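Here is what each chain is made of, one letter per residue.
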Amino acid sequence: MSSSKLRILVPVKRVIDYAVKPRVKANKTGVETSGVKHSMNPFDELSVEEAVSLRDKRKLPVEDIVAVSAGPAKAVETLRTAMAMGADRSIHVEVAEDKPLEPLGVAKMLKAIAEQEKSNLIFLGKQAIDDDSGQTGQMLAGLLNWPQATQASEVTISGEDVTVEREVDGGTETLKAKLPMIITTDLRLNEPRYASLPNIMKAKKKKVDKKTLQDLGIDSEPRLKTVKVEEPPARQGGGKVEDVDGMISKLKELGAL
Amino acid sequence: MFSLARPTALRGMRTQFLPSSIAARSPLQSAALARLASTLAILEQREGALNTSSLGAVTAGKKIGGSVHGFIAGKNVKGVAEEAAKVDGLEKVIMVENEAYQRGLAENWAPLLVENIKKGGYTHVIVGHSAFGKNLLPRVAALLDVQQISDVMSVESEDTFVRPIYAGNAILTVQSSDSLKLLTVRQTSFPPAAVEGGSASIEEGTDPKAEQPTSWVSENLTKSDRPELATAAKVVSGGRGLKSKEEFDRLMPPLADALGAAIGASRAAVDSGFADNSLQVGQTGKNVAPQLYLCAGISGAIQHLAGMKDSKVIACINKDADAPIFQVADVGLVGDLFEKVPELTEKLKAQ
Chain A
1 MSSSKLRILV PVKRVIDYAV KPRVKANKTG VETSGVKHSM NPFDELSVEE AVSLRDKRKL
61 PVEDIVAVSA GPAKAVETLR TAMAMGADRS IHVEVAEDKP LEPLGVAKML KAIAEQEKSN
121 LIFLGKQAID DDSGQTGQML AGLLNWPQAT QASEVTISGE DVTVEREVDG GTETLKAKLP
181 MIITTDLRLN EPRYASLPNI MKAKKKKVDK KTLQDLGIDS EPRLKTVKVE EPPARQGGGK
241 VEDVDGMISK LKELGAL
Chain B
258 MFSLARPTAL RGMRTQFLPS SIAARSPLQS AALARLASTL AILEQREGAL NTSSLGAVTA
318 GKKIGGSVHG FIAGKNVKGV AEEAAKVDGL EKVIMVENEA YQRGLAENWA PLLVENIKKG
378 GYTHVIVGHS AFGKNLLPRV AALLDVQQIS DVMSVESEDT FVRPIYAGNA ILTVQSSDSL
438 KLLTVRQTSF PPAAVEGGSA SIEEGTDPKA EQPTSWVSEN LTKSDRPELA TAAKVVSGGR
498 GLKSKEEFDR LMPPLADALG AAIGASRAAV DSGFADNSLQ VGQTGKNVAP QLYLCAGISG
558 AIQHLAGMKD SKVIACINKD ADAPIFQVAD VGLVGDLFEK VPELTEKLKA Q
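Quick note, the sequences are listed as chains A and B, same order. Counting along the first sequence from 1, when you hit position 63 you're at 63 in the working numbering, and nothing is skipped either side. Numbers in the working numbering are just positions in the second sequence, counted from 1, shifted up by 257.
These aren't lab readings, by the way, just hints derived from the structure by calculation. From a predicted model like this one, the values you see are computed outputs, not experimental measurements. Treat the hints loosely; a few may be bogus.
To be verified - Sample of chain B residues lacking proximity to chain A, with all beta carbon distances greater than 10 Å (derived):
| hint | residue |
| --- | --- |
| 1 | 392 |
| 2 | 408 |
| 3 | 421 |
| 4 | 432 |
| 5 | 448 |
| 6 | 482 |
| 7 | 487 |
Said to hold, decoys possible - Below, simulated DSBU-like cross-link-like pairs (lysine-lysine); rule was C-alpha separation at most 30 Å, straight line:
| hint | chain 1 | residue 1 | chain 2 | residue 2 |
| --- | --- | --- | --- | --- |
| 8 | B | 576 | A | 28 |
| 9 | A | 25 | B | 576 |
| 10 | B | 319 | A | 240 |
| 11 | A | 21 | B | 349 |
| 12 | B | 566 | A | 252 |
C-beta atoms are modelled at their ideal positions from N, C-alpha and C, and glycine is treated no differently.
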């Protein structure tokens, strides 16, 4: 049975909190991040919850849950959150704030870590809500040559067999594969838990390994150059109408009916 | 790696007859033309019919310039390939006939594309930012060691593209230094190429017959006679204000029918179980840009606005006059949706 012991890797990203409206910098080089509330990418919370629930709710043989994050020193706060939710330990790959990795770089880094950790199941969020690329999980699956199930809304594991229901255009589809496997999480997958105060305290004692991209042999040279970042064109809110008749006539006037 | 420009006679001709005005264009554009872009547009099919919304990839390919080839694979795709051959702007359709590709699974599609991209020496590979494209292209990108660009809204030049970040709250222009560009394109920004007027040749592609470690078990698609959400000309959308699935089902379908509209929903409505997840409009759901987006009981959170603010006309009904939705709506009605939506439905039907 040792082969079906789950060694789970959960990559998490620290992003601007989902409720904050991002502000584009005046010099058009990016979005203002300093002094702005950050938290764990919401899809990554789903990944952590799913990993932890495999052990505590579904009683599967989970040997280890390792959270990993690449970023500046503050990424450790995100890792502490993951550990307070139930991850056993963490790996922090130090990456300068002004030189963030692109999804391909993250995927290469995660491949190196997954191999070191002998992971056999990796949960990633389907996308990070800052960059909105939605690439890392699929890239990692390609690099590792593992099966992938993206946008998962239900995951069932039995021994080596993994069944995943995934969100597709127009509904869902169900796929089956064997471990090792990459799964990216979608919103309907679960309801992430809140970390309790005792668990937050316990998480402070859990281990965070520090690594650098050099340790992992990762080339962090970006392939994409930011030409500019701009505000989207503002819409003119067009005023209100008094009643339903007013709405219909305004819509006709605008050619929408 | 592989050579970028295919040394065909056609290309030779193109180079020869490049208009002299090229020199006056921006260096990027002239560099693009000098490099002779050639694009592979990946087309989707379902049950032997071409998915026309995937033809946005062809439209994007045309914007880049150079030749555009279509790619289609699956079971009995000859008919689909013939259909695709008539698509305006396609020079060639590459077809791979093999049941193994029928379900669009990334594990065998990725090596299939890698082989055909290498064989064709393409400079650009484009697929719609659909569930299929999103699942597949990053895997291909990793195998080719390329940093893909997702959800492209516009093509500035052969290496420079515009895409939304932060739920559309910022618009990023990026320049790729990869010799091969892989793009997923936003359907609402690249309307499908016309399905007539073209006369592409059909050619069989390479089939690496890679092992498929994943098996497709089943699917559960929402059946609907209504227009498809992502491409509908009109969308009616409901949010948390509908209060329950019963109310959602009572109020929204008649309004949609009165307008001939597709039905959408906010994440709050989906999370509360009022509507199916496939109807979700927003950053993490679908992007829509219909002629009319009419919503009720939606406050207008930034994640929702991300998915609909490119609609031509936005109308909303909400009882909270301060809801952010009113800041983007062209027509706003402050009122109780439980009164206003049925009234609107009746009056629209009477017209």
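Satisfaction of hint between residue 349 of chain B and residue 21 of chain A, Cα-Cα up to 30 Å: This hinted pair is violated, its Cα atoms lying about 45 Å apart.
Given as non-interface: residue 408 of chain B, which should sit over 10 Å from chain A by C-beta: Label violated. Min Cβ-Cβ 7 Å, cutoff 10 Å.
Separation of residue 448 of chain B from chain A, once the least beta-carbon distance is taken, above 10 Å: 17 Å, holds
Status of residue 487 of chain B, Cβ more than 10 Å from any chain A Cβ: At roughly 7 Å from the nearest Cβ of chain A, residue 487 of chain B sits no farther out than 10 Å, so the non-interface label is violated.
Pairwise hint evaluation, residue 28 of chain A against residue 576 of chain B, where the allowed Cα distance is 30 Å at most: Distance of about 37 Å is beyond 30 Å: violated.
Residue 432 of chain B remote from chain A - nearest C-beta pair above 10 Å: Per Cβ check, residue 432 of chain B is inside 10 Å of chain A; nearest 5 Å; violated.
Residue 319 of chain B paired with residue 240 of chain A [C-alpha distance capped at 30 Å]: Roughly 41 Å separates the two Cα atoms, so the pair is violated.
Pairwise hint evaluation, residue 252 of chain A against residue 566 of chain B, where the allowed Cα distance is 30 Å at most: 20 Å, holds
Non-interface claim for residue 392 of chain B, where every Cβ of chain A lies beyond 10 Å: 5 Å, violated
Assertion that residue 482 of chain B lies farther than 10 Å from chain A (Cβ): The claim stands: residue 482 of chain B keeps its Cβ more than 10 Å from every Cβ of chain A (closest is about 13 Å).
Pairwise hint evaluation, residue 576 of chain B against residue 25 of chain A, where the allowed Cα distance is 30 Å at most: Violated, because 35 Å separates the two Cα atoms, which is more than 30 Å.
Separation of residue 421 of chain B from chain A, once the least beta-carbon distance is taken, above 10 Å: 7 Å, violated
Taken one by one, the earlier hints fail for this structure at numbers 1, 2, 3, 4, 7, 8, 9, 10, 11, listed in ascending order.
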